[in-house]
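K.L.:
Listed here are the chains, written in short residue letters.
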Amino acid sequence: MRRAVRRRSSATEELEVIAPSKLAINNVSKSFQSASGKVLALDRVSLNVAEAEFVCLVGASGCGKSTLLNIIAGLEKPDSGEVLADGKPVTAPGRERLVMFQEPALFPWLTVFGNVLFGLNLKPNLSRKDRHDVAKYYLELVGLSRFEHANIHELSGGMKQRVSLARALAPNPRVLLMDEPFAALDALTREQLYGDIQEIWNARRKTIVFVTHNVREAACLGDRVLLFSPHPGRIQEEFAVSLSRPRDINSVDLAAHATRITKALKRLGQAEAVATK
Amino acid sequence: MKRLFLAAAFFAVLFLLWDAAFRARIWSPVLLPSPWQVASYLKGAAVDGTLARATLITMRRLLAGYFIGLVLGLPLGLLTARWKLFHDTIGTMALGLQTLPSVCWVPLALLWFGQTEAAMLFVVVMGTLWSVVIATETGVRNVPPIYRRAALTMGSKRLHIWFKVILPAALPFIVSGMKQGWAFAWRSLMAAEIFVTILTGFGLGQLLHYGRELSAMDQVIAIMFVIVVIGLLADKIFFSPIERFLHRRWGTSQA
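Residue numbers (numbering that gives the first Met the number 0), protein chains in the order written: chain A, 0 to 276; chain B, 0 to 254.
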């Protein structure tokens with residue numbers, strides 16, 4: 000009887016806002032073998048991310064922040080420690096936690112639409128029509144409906160990242176992991192995307208972990224900004240950004256926050272310079 | 000339109016030069032027949048079915064061998080790309096054998112298989128196989144790792160990744176390998192047919208060979224012409240559309 004009552008999964012259901020995940024990163028360490036010996040990329044890093052929280056990881060390049068993101072994604076395994084998503088240990092990549100990379104990583108053999116469909120095609124229990132409806136919805140959300148039949152190489156850098164965002168959002172993940180997604184874009188495109196990402200975050204309620212080396216960007220997007228120190232990678236300081244949203248990257252209040260974080264970053268840099276002398 | 004006209008004019012001039020050379024009697028007509036003699040041979044061979052039969056036999060050998068070469072070469076290329084052991088063994092062998100001109104397989108094939116269809120098939124397969132193996136391996140190795148990572152996060156797993164990510168991403172390489180394999184197979188088959196008469200079928204190469212035996216230069220040139228046309232058609236009908244598609248999708252420049 001129950002079976003008959005259960006509704007068939009449909010696009011509308013698929014598009015419902017689902018509960019975002021809570022992340023717990025406990026004592027995660029990771030080291031790499033490099034030419035000059037063993038490098039401790041992460042040293043007992045612990046971090047809790049609340050449901051629907053927007054957390055930014057900031058630090059100099061090579062401080063392990065991307066490594067941490069990959070570990071949360073399940074793309075890399077920590078040497079010790081664990082990552083829990085809603086209390087369950089992360090052991091492999093999965094569509095609950097989708098990643099947006101610095102390079103768009105779009106598939107050139109598929110059209111824009113095909114790229115957004117890729118993750119959806121891997122979700123069971125969706126009809127062809129549902130998948131198409133969902134893909135269309137997200138392409139519209141990122142403002143690229145007109146380009147669904149375009150080839151990837153025909154898009155600008157900003158458009159590629161929008162498609163990449165749509166592709167990451169389409170399977171309706173609970174967590175969005177973003178690894179310097181805007182670093183390669185020009186300032187104008189970037190500012191536009193700051194607005195978009197805040198809007199989308201507001202509409203879709205995702206837990207977002209966002210890696211960047213751009214302090215202003217971090218202050219503009221994050222509820223919290225975590226400062227990473229390199230060698231070994233550790234979370235050094237934490238800043239709460241309590242500005243109302245949507246935030247304007249050029250606002251004075253935001254600049255004040257950014258300055259505070261930048262100062263801390265510079266202090267770290269000096270400490271690092273002294274330490275290596 | 001202008002390009003078409005220029006191309007047509009080029010071939011018309013070539014034709015006229017040939018005709019003029021024939022009329023000038025610089026060379027014996029046995030060595031250089033007139034274009035009309037060649038045309039009339041072609042017409043005769045077309046009417047009595049010789050040409051169609053020979054073409055059919057040759058194409059059957061070529062396609063069968065080429066198909067087997069692809070079917071074996073693709074998985075072997077994937078294996079060599081995926082596992083070091085296969086790369087070191089089969090990969091090295093493929094690299095070596097690919098440098099061997101495919102004509103060199105003919106003597107071996109004759110001794111092994113005698114004057115049979117199997118010998119023909121073997122030569123064509125060897126012509127195709129190694130290019131496909133190497134191109135597939137190179138293609139797979141050149142797939143940016145980020146594609147795999149992106150696919151993994153979206154829930155793609157082993158076989159799905161191979162078929163939906165790695166293979167399509169390697170497609171431009173694989174297609175160029177297929178094209179090279181086709182060219183090698185075509186050349187080696189012609190060599191085999193010219194060297195070897197086998198009773199189960201008279202291919203284009205054999206027609207060419209008997210043209211020489213009979214000192215029938217019109218036949219020799221006519222068959223050469225047919226061989227060229229088949230090569231061109233294969234390119235225009237089969238490979239060009241695929242390449243155009245790849246260029247359009249990948250945004251690579253088109254020559």
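Incorrect hints may have been included.
What the hints assert, rightly or not - Computed cross-link-like contacts, DSS-like style, restricted to lysine-lysine with a CA-CA straight-line distance of at most 27 Å: (1) 83(B) x 37(A); (2) 135(A) x 83(B); (3) 128(A) x 163(B); (4) 83(B) x 76(A); (5) 128(A) x 83(B); (6) 76(A) x 156(B); (7) 76(A) x 163(B); (8) 156(B) x 122(A).
Claimed, not checked - Quick look at which bits of chain A chain B covers, simulated, 3 or more residues with Cβ under 8 Å: (9) 56-66; (10) 94-107; (11) 118-125.
Claimed, not checked - Here are some, though not all, of the chain A residues that point toward chain B, as calculated from beta-carbon distances under 10 Å: (12) 69; (13) 86; (14) 88; (15) 91; (16) 110; (17) 163; (18) 166; (19) 182; (20) 186; (21) 264; (22) 268.
It should be emphasised that the hints constitute simulated quantities derived from the structure, not laboratory data. The structure presented is a predicted model; accordingly, all values stated were derived computationally and were not measured. The C-beta atom is built at its ideal place from N, Cα and C for all residues, glycine as well.
K.L.:
Provide an ascending list of the numbers of those earlier hints which the structure does not satisfy.
P.N.:
2, 5, 9, 13, 14, 19, 20, 21, 22
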